[in-house]
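There are 2 protein chains.
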Amino acid sequence: MQLTQCIKRAAQVDRHGIATIFAERQHTWPDFVARVSRLAGALRSLGVAQGDRVAMLALNSDRYLEYYFAIPWAGAVVVPMNIRWSPAENAYSLNDSGARVMIIDDAFVAMVPKILAEATVDTLIYAGDGEPPQGMLSYEALIADNAPAADAERVGEDLAGIFYTGGTTGFPKGVMLPHRGLWSSGVAIAHHLELSAGARYLHAAPMFHLADGAMSMACCVVGAGHVMISAFSPQAVLEATSAHRPTHLLLVPTMVKMVIDDPGLAAADLSSVQRVLYGASPMPEGVLLEAFEKLPNCGWLQAYGQTELSPVATVMPPEYHVLEGPLAGKLRSAGRAAVCCEVEIVDEAGNVLPRGEVGEVSVRGPNTMLGYWNKPEETAATLIDGWVRTGDGAYMDEDGFIFIMDRFKDMIISGGENIFSAEVESALSKHPAVSECAVVGIPSEKWGEAVHAIVVPAEGTEATEADLIAHCRELIAHYKCPRSVEFRSDPLPLSGAGKVLKRELRAPFWEGRERDVN
Amino acid sequence: MQLTQCIKRAAQVDRHGIATIFAERQHTWPDFVARVSRLAGALRSLGVAQGDRVAMLALNSDRYLEYYFAIPWAGAVVVPMNIRWSPAENAYSLNDSGARVMIIDDAFVAMVPKILAEATVDTLIYAGDGEPPQGMLSYEALIADNAPAADAERVGEDLAGIFYTGGTTGFPKGVMLPHRGLWSSGVAIAHHLELSAGARYLHAAPMFHLADGAMSMACCVVGAGHVMISAFSPQAVLEATSAHRPTHLLLVPTMVKMVIDDPGLAAADLSSVQRVLYGASPMPEGVLLEAFEKLPNCGWLQAYGQTELSPVATVMPPEYHVLEGPLAGKLRSAGRAAVCCEVEIVDEAGNVLPRGEVGEVSVRGPNTMLGYWNKPEETAATLIDGWVRTGDGAYMDEDGFIFIMDRFKDMIISGGENIFSAEVESALSKHPAVSECAVVGIPSEKWGEAVHAIVVPAEGTEATEADLIAHCRELIAHYKCPRSVEFRSDPLPLSGAGKVLKRELRAPFWEGRERDVN
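Line order of the protein sequences matches chains L and X.
Residue numbers for the first sequence follow this note's numbering, beginning at 1 and rising by one.
Residue numbers for the second sequence follow this note's numbering, beginning at 1 and rising by one.
It is worth saying that the hints were derived from the structure and are not from the lab.
Note that the structure is a prediction, hence the values are computed from the model and not measured.
All C-beta atoms in this analysis are idealised placements derived from N, C-alpha and C, irrespective of residue type, glycine included.
It is possible that some hints are incorrect.
To be verified - Derived coverage of chain X by chain L (criterion: at least 3 residues anywhere in the stretch with Cβ under 8 Å from a Cβ of chain L; other residues may be distant):
| # | region |
| --- | --- |
| 1 | 12 to 18 |
| 2 | 397 to 408 |
Stated by the list, open to error - Quick list of the computed label-pair ranges, beta carbon to beta carbon:
| # | chain 1 | residue 1 | chain 2 | residue 2 | range |
| --- | --- | --- | --- | --- | --- |
| 3 | L | Ser233 | X | Ser272 | 40 to 50 Å |
| 4 | X | Phe292 | L | Glu24 | 35 to 45 Å |
| 5 | X | Ala197 | L | Phe292 | 19 to 29 Å |
| 6 | X | Glu504 | L | Ala197 | 35 to 45 Å |
| 7 | L | Ala197 | X | Tyr479 | 37 to 47 Å |
| 8 | X | Glu377 | L | Glu24 | 54 to 64 Å |
| 9 | L | Asp129 | X | Gly386 | 38 to 48 Å |
| 10 | X | Glu357 | L | Leu289 | 51 to 61 Å |
| 11 | X | Val352 | L | Pro296 | 48 to 58 Å |
To be verified - A few chain X positions that, by computed beta-carbon distances, are all more than 12 Å from chain L:
| # | residue |
| --- | --- |
| 12 | Leu137 |
| 13 | Val187 |
| 14 | Ala197 |
| 15 | Arg332 |
| 16 | Ala477 |
Put together the whole structure using the sequences plus the hints.
Structural data, given as C-alpha cells:
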C-alpha cells in the first residue's frame, strides 16, 4: 500500500504507454516517473523533510498528477488547495497544515500576495508556462536541474495527504489520509469501473478534490492513462473527448447537466466513453433520465462517499441504471458497499438499524481516514471504533442498496416531520421549467422550519410558484412540498467540488437566529 | 484489509447469491456467513482464543471455505494441512504451529491415530458426512448448536494463516501471512482475472494450497461464487464445469495436461469458462500449445509467485498467449508485476540487474509474508528490507516481462555452465513421445553435474534415448541437452500442489554425496 509503487510498476510494464496528455504535452510512464523522482529530488534539496506538508494551488494539468506522486516520493504530504476558496481561506489551510512550500500556477499567481498577507510560505514554486514571477522557483527548472531522489517509500499508515473539507460548515477540517486509504480506494474504484491498463481517464473535475484525486490513484494503480483539461467547461469536455478518446469520465451532477445541454453535444464524438462516474452530490432524477437519453451508449455509475473515506463508500453499477426489467427500482439509490469496505446504517449509539429505517451511514475499511489534522475532538466525534460516521441520513433496502436522504444538517424539520431536501429537489427537478434548484429550511413561527425552494428557471420557460408547488404535490407528500419558491437568474453558488452551498443559501434567512445544525 | 469484511459485504449486497456449491449442497451468501459465524462461536466456546492456530486436513468442500473464514472470525489463525503429506509430516506441522484443534474429513480419519502418535491435539472436529468417529466432535452439530460469535475483526498486520511450504527442501517452513497479504493478493487477482460478482470459480486444485486459497480470497473480495470438487480428476473437472458452468478455473500444468488428454473433453460443455489461470509451476510450452488448440475460446493466464507472496507476484495476461502478431514472443514468460507489487531482478547483494541479465526474483508489496513461523534465521535470509527474495532465477525483458529460468536449487551446474532444468524440460516436452518429464542434475566426475532426464513416454509411442537427445539438440544448445535419459512408466512424484518433486528424483543419485543445494 505504497502510492509510489504503482507508478514504478506502470513504467516497468508499459514503457511506451502514455501516462499524461495535457494541451500539447504528453509523457510516457518512464518520463512521468523520471519527472516525479526529479521533482522529489528538488524538494529534498529545498529542505523538504519526511512528513512535511507541500501545498498546491492550481488548475488541472499533467503537473498536478506529478505533484500527487512527487510529494510522497520525497516523503512529504500533499495539501491540495481548494481553487474556489478566497485568499483568506487558502491562508487558513496553509497555516493550519503548516505547509511552507506552495506550488502555484498561472491562474493563482495574482492571488499570492493576498495569501501571503496572512500565511507564511518559505518556498513558492511556479508551475505555470511563462517565466517565473519574482521570488518564485521554476517548476520545470527544478526538474531539469535536480537528480532523482530515492523513493522515501512511505507506506500503509503513513500520512499521504491532508485534504481540506467542510467549507460548507464554515470550519474547514484537514482530513488526514494514509497511503493504505488512497491505495485501497484506488484499487476498489478500478474494480467497479473496470479500469485496466488500456483505459484512459479525462480529468474534467478539479484535481485538488478527492473525487478526481481518487480516480488519479485508481488509474495509476492499474496503469491507465490520463488526459487533463485545465478546468471544466462542457466545450472543453466535448473537445478533449473527441480528440483524445478517453474511456472513463467523472462528472459531478452539475457538470453532467451542462454537458448534455451543450449545443456542441450532437457534433462531438463520445464513442470512446465506456463509463461515466458521477457523484460528489446527489444527481436529480430528472437530469439522470435526460443524460441516459442523450448518451445512451455509455455505462453510468454513481459513487457515494466523502473525503474521510478516501472517498468511496458505495457504488451504483451501470446495470441498475434502468427504468424497466428485474433490476429496475434502484435508480434513486447511491448503490451498495464498494469492495473495500463495510457500510451500515446506524442509530446515534452506533446500533445497526433494520433495513428500511433511516439512520446515519457508517463505513469501515482500509479506506478510512487517520483523523482530522489537529482536531482530536472532531476526530473522536467522527471516527468511532474504526467506523467513519458520515453525517448523512440514509436507509438500506433488503438488497443492500442505500438511499441517501440528506446530509443531516440539510434535513428540514417542519412540524415535527423530517423532510429530506434531496427528495424535494428531485421532485422539483422533474418540472421542465426548472434548470437548477435547491431546497432549504427557513425559520417558521408555526412549523419551526418551512420548506423553501430556490429555483433557476430554464431558458424560455415560465412557471409560477403555484405551478411548481402543484407539480411537487403530484409527486411527494404535501407536507414535504415547498411552502415558498424563489426564482433567481444567477446560477446557484457552488463549492469547488460542484456542490450547492446550502449554508450560503440559508444564511440570509437565519441572520440573528440560531439553527441547530448549520 | 480484514478478510471477514468481504463475506459480510457479499451477504449484504447479494442476499440471494449462491456462495458455495458442493455435491448436493448449496448455500447463499447469508447462509454462508451464518454458518461461518456459528462455527466461530463453536470454536470460541471450545476455548479457541485470539491468535490460536486451528488446523484442517481435508479434501476440498464447501466446509473448507467456511474454515478459511470462521477461523479469522473467531480471532484465530488457519493452518491448512498438506493432503499429500505423511502422518509424520502432518504431525510436524501440528507440533511446529502448535495447533491444538484439528478439523478432519472422511479422507483422513484413518490417518488420525498415526498423526496423534506424534502430535498432541486437544480437539478433533469431524467435517465428514457420516456419524462422527469416537472422540471427535461433529462439525455440523457445532454449527447447529452454537450461537454466532461476534467477528474478532482482526485486520492488517494481524496473522491470518500459517501455510506450510518447502516440502521440496526437506525442511517445511510455516509461512506467516497477515490479513493485508491475503486481502491485497485477492484484490489484485480479481483485477487481473476480471473477476466480478457474477463470476463463479471451480475449486479443482487442493484448497489447502495457497494457489487455490488466493482464488478463494479473490472470489470473496468481489462476491463471486464457488463450486468445489473434492479432489482433482479430469473427469470431475469436466463434469462440474458442464453442470455448474464456472467462469474461472485454476489448474496447475499437470492438471491442464490431464484435462486436455481426457477422452471426455469433446463431449463436455466448457462454454462457460472465460479464464483459466495456470501456475504453481512452469508450464511446458508443448502442453500450452496443445491446450490453446483444444480449448480455443477461453483466455489463458499464468500467475507466478510463491506462498511467501500470498502468493502472486506476476501475471501473464491472455492477450500475450499468442504465437503471432505484435504481442507474440512472450509465451515463455511468467508475465509482469501484478498490480499489488513491485518485482525486480537482483544480484546477491540486492542490486537491481540490467534487463536481460539472470538474477533472483525479488518482490515487495502489501502481499509479502510476515516471516516464517519460529524461524527467525530463515526469515532474515528471505525477507530483506521488506523484499521477498524468491530463490527463483529469472531475467526481465525490456517490456517488464520476467522469464523464470529455474529454482536456483534446481539449476544444474555442468562444466561451469548454468543450465536451467525448466528450459530443457520445455524442449523435451515438445517431442510427441514425451508425456511427462523432469530434468535434474546428477553427479558427474567430469562435469561436476550432468543433465539427466526422466521421461514418462506417451502411450503407444516409442522413442529411444538417442531420439530424445537428438530432438533437444535441434532446439537448445548442446551443452544443455540431456546426457542420459531414463524411461519410467509410473507418473512422476508430485507435491500436494502438483509440482514435480525433483528432490525425490535426485535423491538416489546423490546418496552418500553432498549437493550444494538440495
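Right, here's what the structure says about each hint:
no., hint, verdict
1, 12 to 18, "holds (count 4)"
2, 397 to 408, "holds (count 3)"
3, L:Ser233 - X:Ser272: 40 to 50 Å, "holds (47 Å)"
4, X:Phe292 - L:Glu24: 35 to 45 Å, "holds (44 Å)"
5, X:Ala197 - L:Phe292: 19 to 29 Å, "holds (23 Å)"
6, X:Glu504 - L:Ala197: 35 to 45 Å, "holds (41 Å)"
7, L:Ala197 - X:Tyr479: 37 to 47 Å, "holds (39 Å)"
8, X:Glu377 - L:Glu24: 54 to 64 Å, "holds (57 Å)"
9, L:Asp129 - X:Gly386: 38 to 48 Å, "holds (40 Å)"
10, X:Glu357 - L:Leu289: 51 to 61 Å, "holds (60 Å)"
11, X:Val352 - L:Pro296: 48 to 58 Å, "holds (49 Å)"
12, Leu137, "holds (31 Å)"
13, Val187, "violated (5 Å)"
14, Ala197, "violated (9 Å)"
15, Arg332, "holds (17 Å)"
16, Ala477, "holds (29 Å)"
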